[in-house]
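Following the hints, put chains B, C and D in place on chain A, whose structure we already have.
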Amino acid sequence: MSLDLAPLLPGTIVLSSLLPGVFIFLVREENHLLRTVLNLFGAVLKLVLVGVMIWGVYLGQVFETRVQIAPGLELVLHADALSVLFVTLSTVLWLVTTVYAIGYLEHSPNRSRFFGFFSLCVSATVGVALAGNLLTFVIFYEILTLATYPLVAHRGTPEATRGAKIYLAYTLSGGLLLLVGAVWLRTLTGPVDFVAGGVLRGMPADMHRELVAIFALLLAGLGVKAALVPLHGWLPQSMVAPAPVSSLLHAVAVVKAGAFGILRVVFDVYGVEFSSELGLLAVLAALASFTIIYGSLMALTQDGLKKRLAYSTVSQVSYIALGAALLGPIATVGGMVHLVHQGIMKITLFFCAGNYAETLGVHNVSQMDGVGRRMPLTTLAFSVGALGMIGIPPIAGFVSKWYLGLGGVEAQQYWVLLVLGASTLLNAGYFLPILYRAWFRPLPNEWPHEHHFGTRFETMGALLWPPVITAAFCLVAGLFAAAPFSPLEWAQLIARREYGL
Amino acid sequence: MTAQFLYGGAGLILFVLGLWSFLVHAPLLRKLIALNIMGGGVFHVLIAVAYRGDGVTPDPVPHALVLTGIVVAVSATALALVLGARLQDEQRQG
Amino acid sequence: MTEPADWARSDRARERARDLSLLLAVLLALLGVVLLAVYFLALNGGAAPRLAELALARVPQSGVGNPVTAVLVNYRAYDTLVELAVLLAAVLGIWSQRPAPPGFQRSSAVLAGMVSWVVPLLIVTSGYMLWVGGYAPGGAFQAGALLGAAGVIVRLAGDPTAGLPGEAVQRWLLVLGVLMFALVGLALMLLGAGFLTYPPKLAKWLILLIESAATIAIGTALAAAYVGGRPSAKGQGPSAGEASAAPSSSSLGPRP
Amino acid sequence: MYSNLLTDPLVLCITLPLLGAALTTALPRHAVPLGILAALATCSAAVTLGVDVWQHGALRLVLGGWEPELAIGLRADGLAVALALMANLVALGISVYASGYFRDPERMRAFWPLWLLLWAALNGLFLAGDLFNLYVMLELLGITAAALGALTGSREAVSANLRYLLVGLLGSISYLLGVALLYTAHGTLDLGLVARAIAANDRLFAVDAAALVLMVSGLALKAALFPLHFWLPPAHANAPAPVSAALSALVVKASVYLIIRLWLDLFAPITGLAAAMFLALLGAAAVVWGSWRALRAERLKLLAAYSTVAQIGYLFLFLPLLAVTPPGPPRDNLLAALVLMALTHGFAKSGFFLAAGLVQTNAGHDRIDDLGGTAQRLPATTFAIALAGSALIGLPPSGSFIGKWLLMQGAIESGQWWWVIVVTTGSLLASAYVFRVLSRAFGLEPTPLKFVTDARAEVPALLLSLVAVALLGLASGPLWTLLALRAGGGA
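Residue numbers (our numbering), protein chains in the order written: chain A, 1 to 501; chain B, 1 to 94; chain C, 1 to 256; chain D, 1 to 491.
In isolation and in its complexed conformation, chain A is listed as follows (with noise of 0.2 Å):
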């Protein structure tokens, strides 16, 4: 890696899923061959270059593309460690959904405009997490909301079409909240990049109730796709996406660009000190604990699997923003590192979720008795990322739950530990049957619309193995949380940059 190829490589690795994208849209439908090029090109290729920066970025070196739109307007690609937590988690799964996805629509209609805007999608994702900036950041968080509304209409059934329609007037009515407020910040303090530690320490007392003002209307914007109740209303309904889609909405793209969205604004552009002087991570705190409680209450009651999956995404993305919401770098390290590992055990859910519904027909609860004799890989799959969620060790989900924990006492907010104590019940109160229903109770005589792929595992490959893999990245971030590189290793390092320390 020359040095003079760094301001590229940010711009490229955005262009390296939308030119394939862009492709592919004109590919003819029965051309399966050069679709799949396409699309695992793009992928491997993305994998490749977010490898090069991650490499890059550990040795402190920078990374930015900047592209000027017009005077004082600039669009600024920076890869800094936030950025490459996220990036990094998006590419990876990307690469492990569009072989779920290549397996899941095989001879369903409009595969050419499905991974078309699924392309356009993750190139969307990755300029949120690239953005150096508030412009920058709001320009790829709108495309992202039009380039996930025709995954979510894909079917075209009436219900897609419903489901689709609330999922864009959720989300297109907080894209704007989020552009007025970062129309009003920019008028304060004219054009800023995110910078570790927050800009806006400096601004005089007087301007601070105006502060207070943006970061609610820019909350709000954000809260949307990260699902913050009262705005999270569109979040069940999205739910009759293709799996592969819901996948990428909860796990990959639209709920985490807003949960880390909220981790911009709050550390890197309010800091999380100054956040805390005005008062603002109170409440967000409040918001978050709210969401969390709720989330896993209404998970409780939903037949469906994937609205339960839904609602406890509603839950667990909160433990995000409760991350951010506590001053000092331990509840930070939790934060950070959940989203990423809130993202592949959910992602591990949705595709096995996917897979009972491929395979089996079995779309609900209550038809899941016995599925673990029947699929016993993906029932496997299934359980590391459900008991994952509760946060049982050493799966992924007890890391995060302990940093909050701990983050919470150092804080001095103890009612944390309550939230998640009574999070952890409610999780196991809706995870733990389910398991119990898979595991032991006997296999039914029929399934409601099984489906044989011929191949001497229970489903086939391209579904089987993505939750598979999935599920062995839960283990593999729990077990060696510890490691370099492991994602936890990695947060740590944001924090540490973020508080100077």
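Take these hints with a grain of salt, some might be off.
As the list claims (entries may be wrong) - Computed spacing ranges between beta-carbons, pair by pair: (1) A:Phe290 / D:Thr425: 27 to 33 Å; (2) D:Phe278 / A:Pro204: 32 to 38 Å; (3) A:Arg66 / D:Val324: 30 to 36 Å; (4) D:Glu298 / A:Gly190: 43 to 49 Å; (5) A:Pro204 / D:Asp202: 39 to 45 Å; (6) A:Pro158 / D:Ile421: 31 to 37 Å; (7) A:Arg456 / D:Gly100: 21 to 27 Å; (8) A:Phe23 / D:Phe278: 47 to 53 Å; (9) A:Gly233 / D:Ile421: 21 to 27 Å; (10) C:Leu111 / D:Arg29: 55 to 61 Å; (11) D:Arg456 / A:Val48: 39 to 45 Å; (12) B:Ala10 / A:Leu188: 56 to 62 Å.
Said to hold, decoys possible - A few chain D positions that, by computed beta-carbon distances, are all more than 12 Å from chain A: (13) Arg29; (14) Ile36; (15) Leu37; (16) Leu40; (17) Pro105; (18) Arg155; (19) Asp202; (20) Ser217; (21) Arg296; (22) Arg367; (23) Arg436.
Said to hold, decoys possible - Partial pick of chain D residues on the chain A-facing surface, computed with a CB cut under 10 Å: (24) Leu406; (25) Val420; (26) Val423; (27) Thr424; (28) Ala475.
No wet-lab data here; the hints were simulated from the structure.
Backbone N, C-alpha and C fix where the C-beta goes; we use that ideal spot for every residue, glycine too.
Frame of chain A; chains B, C and D shown alone:
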């Protein structure tokens, strides 16, 4: 100056009268006549401006403008009439 | 039972319409007063000589003697070019709408006889107007208007084509003005003088060329607009053949 | 001032389409190739003009070699060139599309000369430097636009465009009276000279103000500024698709351009905040009302037409901001944002209408509720509508996103924060009406096998929408440079 003002002022009054008629009357023909009266009013104003006193050659520029304006007005009126006639034909047939 | 209600409603509607037009009248009267006041101000406080002195002073260099013609085809020739385009657009718009409606029935002998006198006279006068425009009131527009009037009379006397030639030729005649104007202008530009910048020595002749073309185009356009529709293939019948030869004279002549 | 150029693009931009119109009239059998040739030539002249201005600064040409007072001047400053470039590129796209659009040979023959005349009028308007010449150009534009709009010959089209013609005539007569007053007061017609006279002579304030009111209200009528927009939706919705595109994207824009030109150049000394605020209020009403009606529209082309009413409204929101912002970078930003929004709308709306036309010819109707299958059969067209739609909403990375960003920034900076509410309301309504259409594209109908089905019709729509979304939004910097090129005063 008085003659000039009276002549041009008459043009302005024509303009206002035409505008009134245009706004109040619905039939195409009356609207077109109203527009032409308005146009005539503006041409009056321009002709009045050209006047520089008795025995002095008037300003040729407004004269030329008026000539151009007339051709333009004729063209637009002709097109409007044909469009209107077309509508009337259809009404009769339908 | 509904009738009285309808009556009342339409009465009310009429009343409202009357009130509205009364209100409009008051407002417009105010506008009129304001305009008069402003106009008075403009006349008194305005730039008295305006462009007159300059326009008259440049007439000798313009290639024509009549100051109005000098403005039209020289100082502001560009306006006139666009004006010809407006006329062309109107005729094209008319043509796009419908085929020419049938004309009037053949005139009686008295009218036909009169037409056979008046039309040649109009054509000759038109030519005179064109020529005299160079140094006295007159010019292409007046000449074209006379030609157009001749066409109107011919159509009124029963020739549905208004004496115009067949469609193919008519199209060329219609665009003659714009074409000649633009080509002369561009030729001058290519020769280095600048767009529509006549060299003083050639000015007179170039202007005459343009004005002749404009006269024909204006006359054709006005007559075509009066015909009020696309020349139909049928209408060309017997008149088309003799019309094409020398459009500005013979075709407008009376039918035997 | 003599032009030393043997081929001055300033002149060619206007004369080439005129020549094209003459030739397509005279040789109707060859109308399509001649028309395309003229379109290409005109467009290259406009691009050459753009390059010239970019390299050498604002151009000025006095025709006929006379004193500038006496003769007619042409001028190309940054503002004019920006709009002219947009108009010519859009017009080229429309020409390519139109070359395959008309099935009836009679209509096709009628279309080309009128279309080229309209094009000449557009270029003439953008490049004019003379008040009376502007009047003639306005009339040429109005007559050709109405004639083209009525080309389908349907009852609705003819009556709507007849109304359009009459309204346009009323507007131009009002404008002409303003010109007559200005000539009476200041004794010249050259834009630059009149501007100087207005600035120098404040005793004639009343006259100038009256002329301003007459001219701007006449033009506002032509620009369909709320509440004078009533004629636009039926006229634009019933025209043939390429004509609708031209009417909505370009013709209305020409009147807006003229208002901006008069407001900022000619009447700058006398336009106050109150007047600007008044126009902006009308613009705000247009944004809300137009978007609302677009949302309620049953037909795709009617939706697009109402959306034009709304989009024109945005442009007027800039006036009070410009009025209170002193010269400097913030003002440059506002002006550039204004132009950027106008340009984006030009590209996006033309792309939208062209695509809508294709949907209409394919489905045989354009009722939004029944378009599902068609939208799915034509992926490229639907994609074009989606791109254009997101530019209309102002989603990134379209040019109007940058425009709205700067508009809101200017509004907050100058304390007029209420425009932010207007902008956000308009954007929300716009997303609602755009996605009302797009949601039809996802149905259970059979799927297409390829992306593009009819290249000549689909590619122009797609390209125009792409320019609006990608090019203008991501590389709008040159616009600032271009707009900094102002024409000097009179001579």
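Going through the hints against the structure:
1. Separated by about 30 Å at the C-beta atoms, phenylalanine 290 (chain A) and threonine 425 (chain D) satisfy the suggested range of 27 to 33 Å.
2. Separation of phenylalanine 278 (chain D) from proline 204 (chain A) is about 36 Å and conforms to the stated range, judged on CB atoms against 32 to 38 Å.
3. Restraint check, arginine 66 (chain A) to valine 324 (chain D): a C-beta distance of roughly 32 Å satisfies the suggested window 30 to 36 Å.
4. The hint said 43 to 49 Å for the Cβ distance between glutamate 298 (chain D) and glycine 190 (chain A), and at roughly 47 Å that hint holds.
5. Evaluation of the 39 to 45 Å hint for proline 204 (chain A) and aspartate 202 (chain D) yields a pass: the beta carbon distance comes to about 42 Å.
6. Distance hint for proline 158 (chain A) and isoleucine 421 (chain D): a CB-CB separation of about 34 Å, consistent with the stated range 31 to 37 Å.
7. Taken as a hint, the range 21 to 27 Å is violated for the pair arginine 456 (chain A) and glycine 100 (chain D), whose Cβ atoms sit roughly 56 Å apart.
8. In this structure, phenylalanine 23 (chain A) and phenylalanine 278 (chain D) meet the distance hint of 47 to 53 Å, their C-beta atoms being roughly 51 Å apart.
9. The supplied range of 21 to 27 Å is met by glycine 233 (chain A) and isoleucine 421 (chain D), whose beta-carbon atoms lie about 24 Å from each other.
10. Taking the beta carbon of each, leucine 111 (chain C) and arginine 29 (chain D) are about 39 Å apart, not inside 55 to 61 Å as hinted.
11. In this structure the supplied range 39 to 45 Å holds for arginine 456 (chain D) paired with valine 48 (chain A), their Cβ-Cβ distance being about 41 Å.
12. Taking 56 to 62 Å as the suggested C-beta distance range, the pair alanine 10 (chain B) and leucine 188 (chain A) conforms, at roughly 60 Å.
13. Under the 12 Å C-beta cut-off, the non-interface status given to arginine 29 (chain D) relative to chain A holds; the minimum distance is some 37 Å.
14. Look at isoleucine 36 (chain D): its CB is around 26 Å from the nearest CB on chain A, clear of 12 Å, so calling it non-interface holds up.
15. Residue-level check passed: leucine 37 (chain D) sits 30 Å from the nearest beta carbon of chain A, beyond 12 Å.
16. Every CB of chain A is more than 12 Å from the CB of leucine 40 (chain D) (nearest about 26 Å), matching its label as outside the interface.
17. With 12 Å as the threshold on Cβ separation, the claim that proline 105 (chain D) sits away from chain A holds: the shortest Cβ distance comes to roughly 34 Å.
18. Chain A leaves arginine 155 (chain D) outside its interface by the beta-carbon criterion, the shortest separation being 36 Å against a cut-off of 12 Å.
19. Every beta carbon of chain A lies more than 12 Å from that of aspartate 202 (chain D), the smallest distance being close to 35 Å; the non-interface claim holds.
20. Consistency note on serine 217 (chain D): stated as away from chain A, and its beta-carbon is indeed over 12 Å from all of that chain's, at 33 Å minimum.
21. Taking the minimum C-beta to C-beta distance to chain A, about 17 Å, the non-interface status of arginine 296 (chain D) holds against the 12 Å cut.
22. The beta carbon of arginine 367 (chain D) is kept farther than 12 Å from every beta carbon of chain A, the shortest such distance being approximately 17 Å.
23. Taking the minimum C-beta to C-beta distance to chain A, about 9 Å, the non-interface status of arginine 436 (chain D) is violated against the 12 Å cut.
24. Taking 10 Å as the C-beta cut-off, the interface hint given for leucine 406 (chain D) holds, the closest approach to chain A being about 8 Å.
25. Against a cut-off of 10 Å between C-beta atoms, the interface hint on valine 420 (chain D) holds, since the closest Cβ of chain A lies about 6 Å away.
26. Here the hint on valine 423 (chain D) is kept, as its CB sits about 9 Å from the closest CB of chain A, short of 10 Å.
27. The interface hint given for threonine 424 (chain D) is met, as the beta carbon of that residue sits about 5 Å from the closest beta carbon of chain A, less than 10 Å.
28. Nearest Cβ of chain A to the Cβ of alanine 475 (chain D): about 7 Å, under the 10 Å cut. The hint holds.
Of the numbered hints stated above, those contradicted by the structure are hints 7, 10 and 23, listed in ascending order.
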